Amino acid sequence: MIETLDLTKTYGRVRAVDSLSFTAAPGRVTGFLGLNGSGKTTTLRMLLGLTRPTSGAALIGGSPFSELKSPLRQVGAVLEQGIVHPGQSGRAHLVTQAMLAGVGRDRVDELLEQVGLADSAGLRAGDYSLGMRQRLAVATALLGSPEILIFDEPANGLDPSGIAWLRGLLRDHADAGGTVLISSHLLAELAQLIDDAVIIAKGQLRYSGPLLDLYGSATGRLRIRGRDPVTLWRAFEEAGAKVTTDDEVLEVDGLAAEEAGEIAFAAGVPLYELSTDIPNLEQIFLELAAA
Amino acid sequence: MITLVRSELYRMATIRSSWLSLALFGIMAAAFGIPESYFWAVFVGLGAFGIAALTVAQSHQHHTIALLYLARPRRVTVLFAQVITTVLVAVVFAGLSGLTVLVKEDGSKIYFATLYVVPLMAVFGAAVASVVRRASWLLFGFGVWFVVVEGLLGRLRWNLPISAYLAAVGADTETFGLLVFIMWTAAALGVAMLALPRDLSGD
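Taken in sequence, the protein lines are chains G and A. Heads up, the first sequence is in my numbering, so the first residue is 4 and it goes up one at a time. Heads up, the second sequence is in my numbering, so the first residue is 1092 and it goes up one at a time.
Be careful, since some hints might not be right.
To spell it out: a stretch of chain G is covered by chain A in this simulated footprint if at least three of its residues, at any positions, have a beta carbon under 8 Å from a beta carbon of chain A; those stretches are [to be verified]: (1) 51 to 59; (2) 103 to 113; (3) 203 to 214; (4) 269 to 278.
Simulated from the structure, these hints should not be mistaken for laboratory data. Source: prediction; values computed, not measured. Beta carbons are placed, not taken as given, at the ideal position from N, Cα and C, and that holds for glycine.
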């Protein structure tokens, strides 16, 4: 379990993070969303003990990061653009970290294979592409087989296959009972992965809860096209819906698709199209961030 | 602590540019020791400072310090591990490069005097780097300090760190110089410990 309680960080007069409280639960992937400069990275760094909170608490399994007994076996983190000394090879970097995590070199080989860097493990990390550095960073985070993963923009630089691989990896981790907190600006990608969303703007919490509830709060609009739009319009309004049109289809708010279908059937109007126009995460996010 | 030191030694050993520059500087120090043992002592002191300062500063520059803090959240443990690592490397560097001095008839005195003081220089360098955190600022600042403040103004007579080091390793090994240098080293380490809780900078 990851938890922040009234977490605040100020730089001079600027409140980078302002009384932020949220949780990320085991068995779920929690997306941490915010515009650039909204305080995401500062929050994650406070969770990892790299930045000191001005007030409040950032807890991992009920304790501050600094009090964890074996941090690398409890928490795996991906920060920035993949931290590695550019003069070290990918393998040497992982071996260095494996020593700190107390795991053997067989785990290094296993992870190099898993992240697709086995063939380039001997190259200097400085010669790696951004995507390769991200894969190396993910391997570093997974070394100690931690239960909790905190990933800051891990998809940066990954190609589509890399993003799909990462999505599968994080999904499997959560399905196995692990806790995943991931920040990303690739909202469409994130929408396919996360169970819960935490949205912040200007350091303040805008939303925290299940993604489905977030979609539910921005109710889906029905797009309906039928033989007699006027009759349909009247029937839907009589059922309490709000109806508008873009001159081609009726846009109906306040009814489920099943209800709209039954109403059209009762009115004797054949339907040519009935679909739910679910607002995308980007749209919801931008509305919340701007609120 | 031992694990941290091992991992840091491994990191240094697997960065080719690190040990190549170390080897080249060592060869230079050894060569300077042939005509004049004191030159070797000066070179080795500068080398110990450079090894320590660059090791610590580069861990901030490349953000690998964050990986160490993620592994061992007690920052003082990380600092001491870095100090021990740089001391070990500096002593080996001094010990090997000073063989040209040791084989000389009167070389053993300055060789061992330097070998005692070099660890202090490594501690001093690591501590200062932990405070400054930026390799370029550190090396530029050190150069200006050494040449202008201690050299031109103090004429290497004031009780300042590098002057004290040079006095401590000189042919007429000065106990007072050693004491002064110990005090500077302790002060630098103290400031480094006080500065440890500062936030790490991001990208």
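Quick rundown of the hints versus the structure:
1. 51 to 59: The restraint on the stretch 51 to 59 of chain G holds, since 5 of its residues have a Cβ under 8 Å from chain A and three suffice.
2. 103 to 113: holds (count 3)
3. 203 to 214: Violated, because only 0 residues of the stretch 203 to 214 of chain G bring their Cβ atoms closer than 8 Å to Cβ atoms of chain A.
4. 269 to 278: That given contact is violated, which follows from only 0 residues of the stretch 269 to 278 of chain G lying within Cβ reach (below 8 Å) of chain A.
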